[in-house]
Structure formats: C-alpha cells, structure tokens
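Protein chains: 2
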Amino acid sequence: MALRARALYDFNSENPGEISVRENEMVTLYCEQDIEGWLEGVNSRGERGLFPASYVEILKSPAPSYGGAPDGYQGSRYANVPGAPYEPPYRSHVPPSYQPSQGSDDDWDDDWDDSSTVADDPGGVGGAYPDYDGNGPAAGMNYSVSTSSMPRGGSAPQAKSSATVGRNLNRFSTFVKSGGEAFVLGEASGFVKDGDKICVVTGQYGPEWQENPYPFACSIDDPTKQTKFKGMKSYMSYKLTPSHTQSQVHRRYKHFDWLYARLVEKFPVISVPHLPEKQATGRFEEDFISKRRKGLIWWMNHMTSHPVLARCDVFQHFLTCSSTDEKAWKQGKRKAEKDEMVGANFFLTISTPAAPLDLQDVESKIDGFKTFTKKMDDSVLQVNATLSEFARKQIAGFKKEYQKVGQSFKILSQAFELDQQAYSAGLNHAIAYTGDAYDAIGEYFADQSRHDVDPMLDLLALYQGHLANYPDIIHVQKGALTKVKESQKHAEEGKMERPQADGIRERCNIISFATLAEMQHFHQIRVRDFRAQMQQYLREQIGFFQKITSKLEDALRKYDSA
Amino acid sequence: MALRARALYDFNSENPGEISVRENEMVTLYCEQDIEGWLEGVNSRGERGLFPASYVEILKSPAPSYGGAPDGYQGSRYANVPGAPYEPPYRSHVPPSYQPSQGSDDDWDDDWDDSSTVADDPGGVGGAYPDYDGNGPAAGMNYSVSTSSMPRGGSAPQAKSSATVGRNLNRFSTFVKSGGEAFVLGEASGFVKDGDKICVVTGQYGPEWQENPYPFACSIDDPTKQTKFKGMKSYMSYKLTPSHTQSQVHRRYKHFDWLYARLVEKFPVISVPHLPEKQATGRFEEDFISKRRKGLIWWMNHMTSHPVLARCDVFQHFLTCSSTDEKAWKQGKRKAEKDEMVGANFFLTISTPAAPLDLQDVESKIDGFKTFTKKMDDSVLQVNATLSEFARKQIAGFKKEYQKVGQSFKILSQAFELDQQAYSAGLNHAIAYTGDAYDAIGEYFADQSRHDVDPMLDLLALYQGHLANYPDIIHVQKGALTKVKESQKHAEEGKMERPQADGIRERCNIISFATLAEMQHFHQIRVRDFRAQMQQYLREQIGFFQKITSKLEDALRKYDSA
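First to last, the sequence lines map onto chains A and B.
Counted the way full-length UniProt numbering counts, the first sequence spans residues 1 to 562.
Counted the way full-length UniProt numbering counts, the second sequence spans residues 1 to 562.
Since the hints were made in silico from the structure, they are not lab data.
Be aware that a few hints might be false.
Pairs count within a copy or across copies, as identical chains cannot be separated in the list.
[Claimed, not checked] DSSO-like, lysine-lysine: derived pairs with alpha carbons at most 30 angstroms apart:
hint, residue 1, residue 2
1, Lys327, Lys225
2, Lys197, Lys338
3, Lys547, Lys399
4, Lys558, Lys375
5, Lys400, Lys254
6, Lys489, Lys399
7, Lys375, Lys400
8, Lys399, Lys410
9, Lys294, Lys485
10, Lys374, Lys294
11, Lys254, Lys399
12, Lys558, Lys370
13, Lys551, Lys393
Use the sequences and the hints to build the structure in full.
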C-alpha cells in the first residue's frame with residue numbers, strides 16, 4: 001500500500017518535473033521521506049512528479065504500497081514511526097526555497113527566484129517584503145545595479161499614529177517603509193541586548209562606525225556543481241572560509257540572496273552591498289561562474305569591511321553555521337526572520353557620542369554627499385560604458401587589426417618562399433615568425449580585458465549598487481530632519497509638548513549620526529577600493545604591453561640570423 | 001625706347017603671370033635679360049607677363065624706351081652690345097623647363113609637368129619620348145607605382161627590316177620599343193667605348209652584374225623652398241651629397257624626373273626605380289616634403305646600389321655637376337639626351353661570361369621569376385593595404401578608444417574631487433594623471449605610424465615600382481627567346497643562314513645574361529631591404545609599446561602616495 005497525503009495549499013507547478021496540487025487534493029507518495037523539502041508522488045489526475053513537502057499533510061492511514069520502488073523505504077508504511085532512521089518530513093513555516101525543475105538549463109530560476117523564501121509563506125511570519133500597496137508580501141525583490149530608486153524593504157508598522165506631528169501620507173515613502181518615520185515619532189520599541197549595541201564614535205574625519213574589534217575576511221572558492229533528485233536538479237555550491245573560524249561552509253546563491261534580504265530589512269541607513277546581478281542563461285558556463293564568484297568576492301569584501309554588517313548575527317550565522325547541520329541552519333534562519341530589531345527598531349540599537357550634532361551642519365553635509373553620489377554615479381556609469389566598449393573593441397576590432405597585420409606578413413613570407421635562394425630562407429622564416437607574433441598579439445588584445453577591464457567593471461557594479469542605495473538612505477535622514485522642523489514649529493505654536501519635540505530631535509540626531517557614519521565608511525572604502533583597483537588595472541596594462549614588447553623582441557631576434 | 005622681340009612659335013599661357021604669344025607677334029620687353037629662360041613683356045593685346053625666352057627672337061633695332069621702369073637697364077638701348085655687363089639671352093634649344101605661374105599654390109605643375117624638357121622642343125634633339133603611335137615626342141611620361149603595364153620609352157629605330165625572321169607587327173610591344181627586337185635581329189650598331197662596357201659575371205648564385213668597384217652613397221637633405229621671378233614662383237630644392245665627391249649639388253624634382261626618363265630610355269632590361277609619386281596639392285606642406293624626401297632617399301639608395309645604374313654617365317652627371325655651373329649642366333644634359341648607347345645599343349655594351357647559357361634553363365628561371373614577382377606583387381599590395389588601414393585605425397579608432405578611456409578616468413577624478421576629505425586628494429590626483437596618461441597614449445597611437453608603417457609603405461611603394469617594371473623586362477627576354485626559336489626553325493628549314501641564326505642565339509644569350517643578372521640583383525636588394533625594414537619596423541613597434549609601458553608606470557607610481 002502506498003502512502004497518501006492531502007494537500008494543504010494550492011501548488012502550481014511551474015517547472016518540468018513538478019506537478020500541481022489543489023488544496024485538499026489527495027496524492028499518492030512514492031516515499032514518505034522528503035528530499036530537501038520535496039516529495040515525489042502522483043496527483044489525482046495521474047500526473048507524477050515533485051511537489052513541496054510543506055504543502056501536504058502525510059496521512060497516517062496506509063495506502064496501497066508502491067510496488068517496485070528501488071529505494072529502501074518501501075517497507076515503511078508510515079512516515080513518522082519512531083525508530084525510523086530518517087526524520088519526518090520537515091514541516092517548515094516557509095515553503096520550499098526554490099522552484100524545482102528538471103535539467104540544468106531550465107532551472108536557472110532555481111538559484112534566483114527564491115527570494116520568496118519568506119514572503120510566499122501563506123501562514124508564515126510574513127511582512128518581509130510588503131509590496132508598495134502594503135497589501136502583503138511581494139514575491140521576490142527585484143534589485144538591479146542600474147536602478148537608483150530601488151525600494152528598500154522594511155517592517156515598519158503601518159498602524160495608527162498618535163503623534164501630533166503628522167504622518168507621511170505617502171505610504172510608498174522610504175522614510176515610512178524603512179521605519180525611519182516610526183522611530184523618529186517615538187513609536188519604535190524593543191529590548192536592546194548589550195550584544196546588539198551599535199556605536200557611532202567621533203573619529204578623525206567626523207562620526208564613524210566603531211571599528212570591528214575582531215576584523216576578519218572570508219574567501220570564496222570556485223563553486224562546484226551539485227546535483228540532487230538523482231541528477232534531475234543541479235546547482236552551484238560555493239565554499240566559504242571565514243578567516244575567524246577557518247571552518248568551511250557551503251552556500252548557494254539563494255542563501256546569499258536570503259541573507260541580503262534580511263540585511264536590507266534590518267538596516268535602514270546602511271548601504272548593503274548588492275549581490276552580483278542575475279543571469280538567465282548559461283548559469284553553469286565557466287565564464288559566468290567565474291564572473292559571479294568574483295562579484296561575490298567583492299560583495300563579501302564589502303560585507304566583512306563594514307563594521308556593522310560584518311558583526312551582525314544573521315551574517316555570522318550565514319558564515320559559520322555548518323552546511324550539514326540542517327537543524328542549526330533552520331534555527332538560525334528562523335531567528336533572523338523573527339528578528340525584532342529591524343527597521344525602526346534598528347535605530348534603538350545605536351548609541352552615539354554625547355554631544356548632539358548641529359542639524360544645519362548635517363543637512364549641508366548630506367546635501368554635499370547627495371551631489372557627490374549623483375556625480376559619482378554619472379561618472380561610474382561613463383567609465384563602465386567606456387571600458388565595456390573598450391573591452392569590446394579590444395576583443396573584436398583591435399584583435400582583428402593586429403591579426404590582419406600578422407596575416408599580411410605571413411602572405412609576404414609565403415611569396416618570398418617562392419624564391420629558393422639560400423640567402424633568403426632566413427628572412428622568409430623571420431617574416432613568417434613576425435606574422436605569427438602579430439597573430440598572437442591579436443589574441444593578447446582579445447584576452448586582455450579579462451585581466452583589467454573585467455575586474456574594474458566588477459568594482460564599478462558594486463559601487464553602482466551602493467550609489468543606488470544612497471538616495472533612500474538620504475531620504476530617511478531628510479525625512480527625519482523635516483520631522484524635527486515640523487515639531488519645532490508645532491512646539492513654538494504650542495501644538496506640541498516641548499519634551500515630545502525634543503524627543504524627535506534626539507532621535508533625528510541618532511539617525512543623523514548613523515547616516516554620517518555610513519557616509520564616512522563609504523568614502524573610506526571608496527578610496528581604498530579605487531586606489532587598489534586603479535593600481536591593479538595599471539599593473540595589468542603594464543604587464544600586457546610588456547608581453548607584447550617581449551613577443552616583438554622575439555620576432556626581432558629572428559632577423560639576427562636571417 | 002623699349003626692346004622688342006618677335007615670336008618664333010605660338011606660346012599658350014597656361015598659368016597666371018604668363019601671356020600668350022602667336023608666331024610672328026611683336027612683343028615689347030621690359031628687359032632683354034631672361035631670368036632662367038623667361039622674359040617679361042607686353043604682347044600686342046597689351047597683356048603683360050612672362051613668356052619663354054626661347055620662343056622669341058630679340059630684335060636689334062631700337063624700340064621706344066619703356067619709361068619709368070625701375071630697373072637699371074632702361075638706359076641700355078641694345079641688348080647685345082659688347083661690354084654690357086649681362087650676357088645675351090640664352091637661346092636654348094629647349095623650351096623653358098617649367099610652366100610659370102604665380103604664387104606657390106597654383107604652380108604645383110612646375111615641379112611636375114616639365115618632363116617635356118626635351119620632347120616639346122620643336123627643333124630640338126627630340127625622340128626622347130616617342131608617343132605610342134611613334135608620331136613624335138610625347139609630352140611627359142606618366143608613371144605610377146600602381147601601374148604594372150607602364151610603357152617604357154625607347155629610341156629603337158622603326159626602320160626597315162632585312163632579316164628573314166619577321167618583325168613583330170605589334171608596334172606597341174615592349175620588345176620592339178625597348179630595342180630588344182632590333183638588337184636580337186642584329187640591327188643595333190654603335191661604337192662601344194671601354195668605359196661604357198658593362199660586365200655580367202658568374203657569381204655564387206649565377207649570373208650577376210659585376211660589382212661597382214667604387215661604391216658610394218648619396219645623402220638627400222631636407223629641401224629648401226626657393227623662389228624666383230621676385231617671389232612669383234617657388235620650388236623645392238634638394239641638397240644632394242654623394243659620398244664619393246663630398247660636393248653638394250642642388251637638384252629639383254624635375255631634375256630627378258629628367259634623369260629618370262634618360263635611364264628608362266637607356267636600359268631596357270634594368271629595373272629603374274620609380275620616383276616617389278606625384279602629388280597635386282600641398283606640395284609645400286611639411287608632411288609631403290618629408291614624405292617625398294624619404295621616397296627620394298629610397299630611390300637614391302636603389303640607384304647607388306645598382307652596379308650598372310650607379311656608374312652610368314647621366315647619373316654621375318646628375319650627382320656631380322655643379323648646380324651653379326649652368327653651362328656644364330646643359331652640356332651634360334645635351335650629351336645624355338644625345339647618347340646613342342640607349343635601347344637596342346645598350347645591349348652592345350654588355351659583355352658576358354664565355355660559356356653560353358642553356359636557354360631552356362633560362363626560360364625556366366624566367367618563368368619562376370615571373371611567378372615570384374606576381375605573387376610578391378599581390379602580397380606587397382596586401383601588406384600595403386593592411387598597413388595603410390592599420391595606420392588609419394591607429395590614427396582614428398585606436399587613438400579615440402584610448403582617449404575615451406582617459407576621458408572617463410578624468411571625469412571620475414572630477415567626481416571624486418567633490419569629496420574634500422584629505423585622504424582622498426592623492427587618489428583624485430592619481431586618477432586624473434591616469435586619465436592624462438591614456439590621453440597621451442592615444443596620441444602615441446596616432447603618431448606611431450609615422451615611425452613604422454610609413455617607412456614600410458615607402459619601401460613597398462619602391463618595390464611596387466620594380467614589380468611593375470618586371471613584366472616588360474621579362475617580355476624583352478621572352479621576345480628574344482622566341483626569335484631564337486623561330487630562327488632555329490628557319491635555319492633547319494633552310495630559310496635562314498646558320499651564321500645568322502647563331503648570331504640571334506648569341507645576342508639572345510646576352511639579353512638573357514643581363515636579365516638573369518638583373519633578377520639576381522633584385523633578389524639581393526629585396527632580401528637586404530626587407531630584412532632591414534622589418535627590423536626597423538619591429539624596433540619602432542617595440543619602442544612604441546615601451547613608451548606606453550613607461551607612461552603607465554608613471555601613472556602607477558602616482559598611487560604610491562595616493
């Protein structure tokens with residue numbers, strides 16, 4: 001007798017290998033043991049395939065046994081009998097974190113479209129990605145390095161306001177969504193543990209995040225292709241080795257994506273580095289794998305360099321939780337998803353220097369920074385476009401021109417070879433060699449951008465992500481400033497109690513400290529990164545031209561004996 | 001009373017500053033003294049200007065004095081009175097060697113269109129340039145490096161044939177025009193002085209011209225702009241310094257052109273190097289002057305390298321006759337133009353090794369050489385086209401791409417300069433410097449072809465000239481071979497006396513020795529020239545890439561302190 005299960009929710013198959021089930025539909029299982037959250041079975045329409053284990057309830061009453069199944073579980077009539085060597089299917093609060101599909105070319109969405117991890121859960125914790133209408137979770141977050149108006153997720157309560165200073169009527173405002181408004185209005189509350197405290201200190205150049213006392217880095221090795229469902233599905237797994245633990249963990253892109261969503265939700269005025277961009281096709285191609293890995297290395301660099309992000313619990317969980325201890329992983333995952341100190345409450349965790357900032361001075365600095373980021377964004381866009389075009393020209397045009405020169409020398413040497421005089425043989429050989437040298441130089445040109453332009457473009461992409469974050473960060477700070485001005489006016493007019501107005505000012509002061517600290521951090525990593533990358537670029541270019549020179553010197557030597 | 005003259009011939013003015021005169025027309029002269037063959041006066045229509053002194057006859061009877069002439073000759077009533085401090089106008093047998101014009105932009109034809117020096121002389125020695133119909137002198141010779149079917153001038157008698165072996169009915173045939181036919185048929189005759197003897201010897205690689213026992217070279221310095229007619233006309237004068245005399249002479253392009261015509265006329269189976277090509281405009285522009293000078297240097301190199309050409313009288317006259325001794329120059333000029341040992345008679349001057357050549361072997365070698373030159377011509381054409389395009393790309397595309405990269409770095413540095421943090425100033429400066437470096441590299445690319453491609457193109461142009469000569473040279477030898485075959489047949493059939501047939505074979509043997517010697521010479525200079533030029537090209541390219549490397553290293557160092 002086979003095992004049977006009843007569907008708890010509708011599930012619409014979206015990929016080959018999956019089957020759809022309707023709520024309350026009965027399905028026959030081949031095996032009660034789920035494989036990474038998926039079960040295989042036959043639905044009421046006789047379709048056979050995979051569906052999420054979390055969408056069904058396995059029935060305890062025996063069903064006709066599935067004859068001929070090759071695995072060792074066919075004798076277990078019940079899934080959850082004690083003593084069974086396997087855990088019962090894990091009924092998570094979240095639906096499966098990927099949409100399964102068959103074959104490696106079709107399932108590109110596997111690694112990518114599962115930012116719905118939390119949001120799609122009909123009965124889950126919810127609220128991670130309120131859509132723009134505030135009507136509930138949205139499926140996935142679409143970020144792109146070229147979108148500068150990216151909405152930032154937030155979990156700010158949309159509840160009633162009791163404050164005299166009016167609420168922002170624009171529910172789409174980042175100030176509202178980020179929780180900035182709620183915090184400034186004094187609506188945020190939560191218990192801040194000592195370990196959660198985030199300090200802004202006054203450094204040489206103004207407010208800055210307190211340095212991470214335990215700095216670390218994290219290497220990302222070339223990913224390996226993993227398969228599951230007997231090879232039906234495959235994905236890339238990256239080996240991460242944090243320097244502070246020296247313990248390897250394996251993570252998939254979807255784990256990065258999940259982490260990213262948590263960070264964006266938690267930190268309203270911190271520029272969370274964007275992940276390398278999506279790619280629909282060629283996900284297992286060497287070039288793409290290498291490019292994404294480099295993007296992830298840069299991303300990791302910015303994560304570990306950031307005094308706040310580097311230390312936060314969810315990132316540490318991501319870096320240190322054993323890949324094989326699924327239970328610990330899910331525990332940490334749920335803890336992060338239930339974290340209360342996100343959005344508005346995040347500001348509660350910030351402690352600042354005692355002396356408050358001059359808000360007028362802050363405003364002027366913020367305006368200057370806004371101008372700076374706009375101009376930097378424009379110029380990064382231009383450098384990006386120029387270098388991309390330059391790389392394209394080197395790969396196509398430059399290569400072609402040098403190879404045409406090489407070809408013409410080769411043709412000349414072939415003509416000369418018709419002369420069989422002994423004294424001309426050496427020259428013929430030397431000219432043929434020169435032709436080959438120019439052919440090789442053409443290849444050098446085609447190959448070069450991998451070494452200099454591409455890494456520069458990776459850096460620029462990361463910065464384009466940051467620059468796309470800043471309008472929202474600035475918006476939160478400016479929203480807070482506006483609230484201060486309004487409240488001062490109301491207090492002067494007697495419409496608001498002075499202590500309430502002072503509270504708004506104090507909270508705005510905290511947001512301002514955090515914003516200035518974040519700006520300072522941005523400038524510091526910018527100078528560090530661009531110095532290093534420009535040096536790297538020039539070193540590669542120098543090496544490139546030296547390689548050409550050396551090839552030509554080889555060719556020249558051939559004439560010595562010609 | 002002014003001086004008067006009567007026109008001897010029609011003269012049609014073709015340039016500003018000149019006036020037309022009709023035969024027998026009376027003209028009033030301002031001065032009886034010609035300036036380089038030109039007189040200034042007023043014709044019967046009252047037009048004032050220059051006309052050729054040789055076209056008029058100065059009348060001895062006094063004419064009304066020209067009042068108010070500012071020069072010092074108005075008191076001299078007679079041009080030719082003894083004791084006058086000026087020589088009488090020189091009545092040359094040749095018309096003026098240029099068509100005068102006013103201003104330097106209009107008179108480009110001055111330097112170029114005067115190969116009519118001899119040919120246009122109505123009563124002169126004539127015959128230098130019979131036109132294709134054999135109807136008399138043609139005005140000028142149009143040669144071009146890209147024309148491979150260039151007709152070669154010749155002064156072969158077109159007279160009756162008494163030989164049994166038939167004359168070639170194609171009067172345009174190079175074999176006929178070069179004098180090859182006449183020589184083979186035994187019609188050439190002339191007294192060969194010992195000094196005129198040209199020896200073909202058997203060298204390591206077969207027949208070759210006897211080496212020049214007094215090898216020399218000749219430098220060509222940057223030309224200077226000369227003016228005459230009170231600045232109305234200008235031309236470029238080149239300073240030549242032959243190493244065997246160490247005496248400077250000044251020559252204009254028209255002198256080279258005249259010399260070239262003499263050489264082509266004289267040597268039927270020698271590849272006379274072509275002069276650098278004509279240019280209609282920009283004759284005084286620095287680029288053109290420099291380019292033409294380089295072309296002339298190459299030309300001179302091939303002249304002095306050639307054992308026969310280097311030693312011939314007309315070339316020695318050109319190299320050694322004092323520029324200021326007009327009389328000696330004209331004497332040598334007339335002697336060259338009257339040289340009888342040209343064309344058919346040139347072959348009389350050749351002495352060969354005693355053992356005759358195997359004519360079948362010769363034929364096979366000639367055929368091989370024909371294939372070789374054809375293939376070399378094709379490949380030179382291709383190298384020429386490729387390098388020209390490569391240079392164009394470097395001047396336009398490559399420069400633009402590198403400068404766009406430079407520009408984008410400069411824009412980035414400008415954006416960064418909006419951040420006034422002390423720690424970012426060094427980086428901003430370094431990036432700006434990098435931008436400038438790429439801008440400079442763009443200029444390097446644009447400038448580079450002057451140093452490598454252009455000299456290569458100059459060499460290729462010279463060789464294209466030689467390769468254009470060879471079909472005619474081969475044609476002469478093949479014509480002679482055909483005559484041998486015909487005569488052998490006729491002798492066998494009893495239609496020709498054996499001694500006559502043997503004479504044809506002997507004379508064909510001479511032509512064959514000369515042709516093989518010339519081929520050998522071609523291979524030797526080809527290997528020498530292409531080896532040197534390829535080395536030069538590679539050295540320049542190496543220097544170019546080293547210059548780029550060094551510029552980038554400068555830029556990289558700026559980051560050390562950034």
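Hint by hint, here is what the structure shows:
1. Lys327 x Lys225: Cα proximity of Lys327 and Lys225: one copy only (23 angstroms, versus 94 angstroms across).
2. Lys197 x Lys338: within (18 angstroms within a copy, 110 angstroms between copies)
3. Lys547 x Lys399: Both. Shortest intra-copy (15 angstroms) and inter-copy (21 angstroms) distances satisfy the 30 angstroms Cα cut-off.
4. Lys558 x Lys375: between (52 angstroms within a copy, 24 angstroms between copies)
5. Lys400 x Lys254: Close neither inside one copy (41 angstroms) nor across copies (43 angstroms); limit 30 angstroms.
6. Lys489 x Lys399: Neither, since 67 angstroms and 61 angstroms both go past 30 angstroms.
7. Lys375 x Lys400: between (36 angstroms within a copy, 24 angstroms between copies)
8. Lys399 x Lys410: both (16 angstroms within a copy, 26 angstroms between copies)
9. Lys294 x Lys485: neither (45 angstroms within a copy, 79 angstroms between copies)
10. Lys374 x Lys294: Within one copy only: 26 angstroms inside a chain, 54 angstroms across chains, cut-off 30 angstroms.
11. Lys254 x Lys399: Cα proximity of Lys254 and Lys399: none, with 38 angstroms in one copy and 44 angstroms across.
12. Lys558 x Lys370: between (59 angstroms within a copy, 28 angstroms between copies)
13. Lys551 x Lys393: both (21 angstroms within a copy, 22 angstroms between copies)
In this structure, the hints that do not hold are numbers 5, 6, 9 and 11, in rising order.
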